[in-house]
Amino acid sequence: MIWNEYIECADRQKLKEIQNRRFVKMIERMYYNVPFYRKKLQEIGLEPGDIKSIDQLKDLPFTTKQDLRDNYPFGLFTVPQSEIVRIHASSGTTGKPTVVGYTRNDIQMWSEVVARSLTMAAVTKNDIIQVAYGYGLFTGGMGLHYGAEKIGASVIPISGGNTKKQLQLMVDFGSTVIACTPSYAAFLGESIEKEGILKSDIKLKAGIFGAEPWTEEMRVQVEKLLGLKAFDIYGLSEVIGPGVSMECEHQCGSHIFEDHFIPEIIDPNTLEVLPYGELGELVFTTVTKEAMPLLRYRTRDLTRLHVERCACGRTMVRMEKCLGRSDDMLIIRGVNVFPSQVESVLLEMSETTPHYQLIVSRENNLDNLEIRVEVDDQFWSDEIKVLEGLKKKISHNISSMLGLSATIKLVEPNTIERSEGKAKRVIDNRNMK
Amino acid sequence: MIIKQLSIFLEDKTGRLTELTRILSENDINMTAFSVADAPDYGIMRLVVNKPELALKVLKDKGFAVNTTDVIALVVPNKPGGLHKALEILSTNNVAIDYMYAFGLEDSASVIIRPSAISQAIEVLQQHKMELISANQIYKI
Chain A
1 MIWNEYIECA
11 DRQKLKEIQN
21 RRFVKMIERM
31 YYNVPFYRKK
41 LQEIGLEPGD
51 IKSIDQLKDL
61 PFTTKQDLRD
71 NYPFGLFTVP
81 QSEIVRIHAS
91 SGTTGKPTVV
101 GYTRNDIQMW
111 SEVVARSLTM
121 AAVTKNDIIQ
131 VAYGYGLFTG
141 GMGLHYGAEK
151 IGASVIPISG
161 GNTKKQLQLM
171 VDFGSTVIAC
181 TPSYAAFLGE
191 SIEKEGILKS
201 DIKLKAGIFG
211 AEPWTEEMRV
221 QVEKLLGLKA
231 FDIYGLSEVI
241 GPGVSMECEH
251 QCGSHIFEDH
261 FIPEIIDPNT
271 LEVLPYGELG
281 ELVFTTVTKE
291 AMPLLRYRTR
301 DLTRLHVERC
311 ACGRTMVRME
321 KCLGRSDDML
331 IIRGVNVFPS
341 QVESVLLEMS
351 ETTPHYQLIV
361 SRENNLDNLE
371 IRVEVDDQFW
381 SDEIKVLEGL
391 KKKISHNISS
401 MLGLSATIKL
411 VEPNTIERSE
421 GKAKRVIDNR
431 NMK
Chain B
434 MIIKQLSIFL
444 EDKTGRLTEL
454 TRILSENDIN
464 MTAFSVADAP
474 DYGIMRLVVN
484 KPELALKVLK
494 DKGFAVNTTD
504 VIALVVPNKP
514 GGLHKALEIL
524 STNNVAIDYM
534 YAFGLEDSAS
544 VIIRPSAISQ
554 AIEVLQQHKM
564 ELISANQIYK
574 I
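Residue numbers (my numbering), protein chains in the order written: chain A, 1 to 433; chain B, 434 to 574.
By construction, these hints were calculated from the structure, which means they are not laboratory data. Mixed in with the good hints, there may be bad ones.
In silico SDA-like pairs for lysine to any residue, Cα to Cα no more than 20 Å straight-line [unchecked claim]:
#1 Lys446/B with Lys393/A
#2 Lys40/A with Gln56/A
#3 Lys495/B with Lys391/A
#4 Lys409/A with Gly476/B
#5 Lys393/A with Pro473/B
#6 Lys164/A with Lys446/B
#7 Lys392/A with Asp503/B
#8 Lys391/A with Asp445/B
#9 Lys446/B with Gln56/A
#10 Lys385/A with Gly448/B
#11 Lys437/B with Ile384/A
#12 Lys409/A with Gly448/B
Since the structure is predicted, the reported quantities are computational estimates derived from the model, not experimental observations.
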């Protein structure tokens with residue numbers, strides 16, 4: 001099913017014309033309304049009239065998260081505050097939160113892209129969707145909510161947490177779709193039996209999972225636990241929130257809604273644009289956003305783009321599942337490590353669960369990686385030789401995946417902090433500088 | 434003759450064992466025999482109690498990694514060579530012992546054994562008139 005076939009399956013030449021027209025207007029609005037962008041464009045000697053096509057993007061300056069912080073809170077808004085109808089903000093774990101404003105049109109555009117996304121998962125007005133993303137400053141809850149309402153589905157705005165109630169309503173209301181983080185979906189799945197619920201009482205057919213990186217192995221696990229088809233939705237609040245891209249039923253990457261968000265892949269070191277198919281950092285330019293358009297915003301997400309037409313008929317480029325954010329990437333003894341790689345290893349082994357935590361420390365100037373893995377009823381044995389064997393096996397698999405040795409520590413079930421939002425996968429105790 | 438032993442994974446943290454004994458005590462569960470095996474960063478407690486089903490449930494509810502393992506309990510005369518005779522029977526019949534631990538039972542000494550092949554172990558020990566304690570007997574202790 002396709003929500004907006006006219007644009008989602010548009011000829012790429014036609015799409016580019018639309019992008020160019022919108023892009024030129026956006027540059028104008030930025031230049032005349034935001035001192036930050038005006039200064040940046042003046043520095044490279046450009047005026048709005050010089051910019052005619054998105055082919056010129058490669059010569060334009062980048063915007064970073066730091067720029068958003070420097071202009072906290074409303075410095076990058078291109079419209080007066082009276083035009084702003086909503087303000088979201090990301091959690092500020094490392095400093096001030098990142099603030100994003102929306103005009104009425106922005107909210108409509110966002111609802112449109114989420115409606116397209118949900119339609120990819122075959123959600124219709126006949127569905128009951130349980131939105132278990134957090135509602136609030138975080139964009140997950142309200143983003144999914146407005147898109148689902150646009151489709152006409154029945155929305156249960158339950159927000160995150162309260163697992164018992166989630167499962168109760170899931171059964172009593174007969175929810176057919178759930179939207180939450182993949183790690184919370186796994187947690188819900190594991191809780192079904194504990195709450196004395198029969199799997200046959202659960203009517204879910206699709207899961208809309210995002211807001212954190214997850215692996216194919218995790219998909220298999222969540223699909224099995226909840227008896228649904230799991231879809232990856234991608235987004236980041238700076239760009240709009242969830243609905244920047246979404247997987248169709250063929251699940252060969254997420255289609256980016258390019259009529260609103262223009263993607264580029266760059267080499268994060270040289271900042272050169274890379275061709276389709278190459279791995280690099282994803283960069284977005286938003287061409288329709290009114291309140292806070294972004295010019296070449298560096299997402300820190302590492303992925304590849306593919307432009308070949310998808311079997312579903314859509315022509316919009318597909319991005320691969322993110323390997324991780326370059327922010328999440330750890331450098332341990334010079335080796336790049338993504339938590340998602342550890343997750344892959346654990347999920348490939350039948351004896352382990354994906355509940356893990358990486359703890360990095362430094363002793364005598366040498367990095368040490370400890371991986372804590374929860375023991376589980378499924379693989380736990382009361383013989384030390386079996387448990388020690390398991391530790392060796394995990395350690396061996398990790399070392400062949402990462403090329404790095406790690407200390408494996410088995411811990412009791414439910415002792416690693418569970419995410420009702422995003423999982424805390426990494427504790428870095430190295431005291432740099 | 435098969436006895437349900439509880440096996441509990443314990444993280445190497447102060448107070449973990451105390452938490453366990455508190456839960457058992459609050460639920461009026463009596464311990465008959467136990468041993469703690471310690472690996473460098475965790476321990477495994479093996480435990481025989483009078484109400485294994487209840488103990489399993491309450492410990493699970495409290496978040497312990499706990500399951501049950503089939504073991505046998507053997508009474509050995511409290512004199513030199515008492516245990517030797519029983520072990521000899523098992524080894525002659527190619528039954529290995531994964532682990533074992535002793536506990537006192539009235540005047541005799543008793544051992545809990547986790548054999549590699551439990552039904553074979555029971556069979557050969559009974560053939561040689563060794564005294565095994567039944568589940569009902571041990572849960573009443």
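How the hints compare with the structure:
no., hint, in the structure
1, Lys446/B with Lys393/A, "violated, 24 Å"
2, Lys40/A with Gln56/A, "holds, 15 Å"
3, Lys495/B with Lys391/A, "violated, 25 Å"
4, Lys409/A with Gly476/B, "holds, 12 Å"
5, Lys393/A with Pro473/B, "holds, 17 Å"
6, Lys164/A with Lys446/B, "violated, 29 Å"
7, Lys392/A with Asp503/B, "violated, 26 Å"
8, Lys391/A with Asp445/B, "holds, 16 Å"
9, Lys446/B with Gln56/A, "violated, 60 Å"
10, Lys385/A with Gly448/B, "violated, 25 Å"
11, Lys437/B with Ile384/A, "holds, 19 Å"
12, Lys409/A with Gly448/B, "holds, 19 Å"
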